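Protein chains in written order, with my numbering: chain H, 1 to 284; chain U, 285 to 631.
These are calculated hints, taken from the structure and not from any lab test. Don't take each hint at face value.
To be verified - A few chain U positions that, by computed beta-carbon distances, are all more than 12 angstroms from chain H:
id, residue
1, G325
2, V430
3, E536
4, M616
As the list claims (entries may be wrong) - Just a few of them, taken from the derived set where beta-carbon distance is under 10 angstroms, the chain U residues facing chain H:
id, residue
5, D440
6, G457
7, L468
8, P502
9, I617
Remember, predicted model here, so these are calculated numbers, not experimental data. The beta-carbon is built from N, C-alpha and C at its ideal position, and this holds for glycine as well.
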Amino acid sequence: MPERREAGAALVLLGPASLMMVLMLVAPLAILARDSFNRYDPNELMIAAVTPANYLRFFDDPFYWNVLVTTIRVSVIVTIVCLALGLPMAWRLARSTSRWKSALVVLTVLPLFIGSTTRTAGWMILFARGGMLDIVSRDVLHIGTVNLMYSESAVIAGIIAIVLPFTILTLQSVFEGIDARLEEAAASMGAAPSRAFWRIVFPLAVPGVAIAGVLCFILCMNAFATPVLLGGPRFQMMAPLLYYAFNSDNNWPFAGAIAFILMGTTLGLTGLANLLIPRRYQAR
Amino acid sequence: MSSLILSRRTLLAGTTLLAAPAILSRRSQAAEQCVVGTWGGDYARLLRENIDDPILKPAGIEVVQDVGDESPRVAKLYAQKKLPRGAQDIACMGALNGYRVTDADLVEPLDETKVPNLKHVHPNLRTAAFVPHIYSAQVLVYNTEVVKDPPQSLADLLDPKWQGKVGVLSQGGNQWLIIAASLLQTGTTTDFDKAKEFLLKLNGNGLRLYAETDAFAPAFKSGEITVAVIWLARSVMWQNAGVPVKGTFPKEGSVLYVSGMAMPKNAPDKEAAYKYMNALLEPSAQQGFAAHMGYLPTVDNAPLSGKVGEQLALPEPAPKLVPPDYSVISKMIPDMNDWWLKNIAHA
């Protein structure tokens, strides 16, 4: 009974991880989904109910729409910049035969060894009034004070710094999987390197590039420390909004609704992006 | 063979019987443990140094700290209210949450016979079930090197000379500033319509918002701000760190922030919790917190001397110190935070 044995093996291999997922992810999400339909009272906290009020509150209010739009805008910009910067770096890294290749890979990964909050604190020292950029601009270049803190540009720069290594590593493994001899074949038929890249390598890499883009986009949509520390209280993104609903008022039902709206938007936009990729380039 | 099985069973039963006293007495030994839900960092360290080690340890009570943020800790009290045995003996929180958990009937009323030090607590800080541990006043903190004519009232901050130079806290909201604005406008702590009018004007004068109290000291140092509306305790900590700041009490009155502790109704060991509450009101513990965190003692028998005595001395004539009306504010806060987010932070 080989089929039965195969099914048994699959169960043994997939079972533990699936069980963990159900216990650690699906069950808490189910509880949170239920909570998001409850009512909130400042003194009682959560009152059992089945009401769409928390979702309606979000969608009825232009302020919350704005926060969602800002989050999507920042995430799209960061994703485009990361892909634009990451593609050439990853391709060069993948095709490199230099003895420094592993050192370059380590350099790419190195920022990941430092926590994102610590890295953001570094950006704060760079951007703040009295920070490094300010001192150089004021005292060395004499072009006046520079204060980049608490701006959307600062948040975008900070998130790019965090997400770029993930993008490069993902893209590098995609390019490593594409046979270099294809480019040699293209060159032998007279194609310039750029033509070979765009006509041969890139179409083959599209599914992988899409995965890198999705990874980047999801990380940005959920960014918390960078918007709080570099964006400041006047800049709103979804994850800090969710945290404040939960932490300043203990409003779990509304925080739960925000969480599901954020998750739904991220999944929806990711699915939409996948549909936009021409069918012949999609991974099968 | 059967006799062997029988004797094995007898042996097992005998062993269980012999072990029974030890198993049963474990419960009573563990009874001398007090689980304290608290903030981490300096606060937790000072609890250990001023209360746990010098007072409770010699009394045979082992203190276990359950470190976390205030909101999840309070949420835990609500979540565990139907359990016969909760997870905490003492839960640390601000007076506002202290009011809420009292109102929701989650905490044990105070008993002066079991917490004798309660008789020393300042009368305006006493409540039914919440022990005030430390408190501070919201003041106008200014840079002494730059400001020669410090503001005397929140209203002074509307002066264009302070444009872009005033910093306040904004952690999803700032109910304390809204309360202070109400106090300025009406003399009460609960007129939020009048408070909103003032705050919109103040925001229009280039109010700077900071998400963390720790962000104020660098902002003072770099000259980004010259005035902040924040707790006196913070200004003392910054002074100790070499930042040239001083706090003045606004003439319309200072809103009080009170931090303290409550005992859940289902606390596993109420006797230990009462002893803990009493210990935190001991003069030595109160003086320790004042010296290291700049908070004022909540009791009348813990005089401060030396540098901390000077730093925390109240000016003459005595400033008006106003505890908020928690019964009104507790219901208003979600709307206040929502208003703040949309009209002040997002303006």
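Hint check results:
no.: 1; hint: G325; verdict: holds, 15 angstroms
no.: 2; hint: V430; verdict: holds, 14 angstroms
no.: 3; hint: E536; verdict: holds, 25 angstroms
no.: 4; hint: M616; verdict: violated, 8 angstroms
no.: 5; hint: D440; verdict: violated, 23 angstroms
no.: 6; hint: G457; verdict: holds, 6 angstroms
no.: 7; hint: L468; verdict: violated, 22 angstroms
no.: 8; hint: P502; verdict: holds, 7 angstroms
no.: 9; hint: I617; verdict: holds, 6 angstroms
Hint violations for this structure: numbers 4, 5, 7, all remaining hints satisfied.
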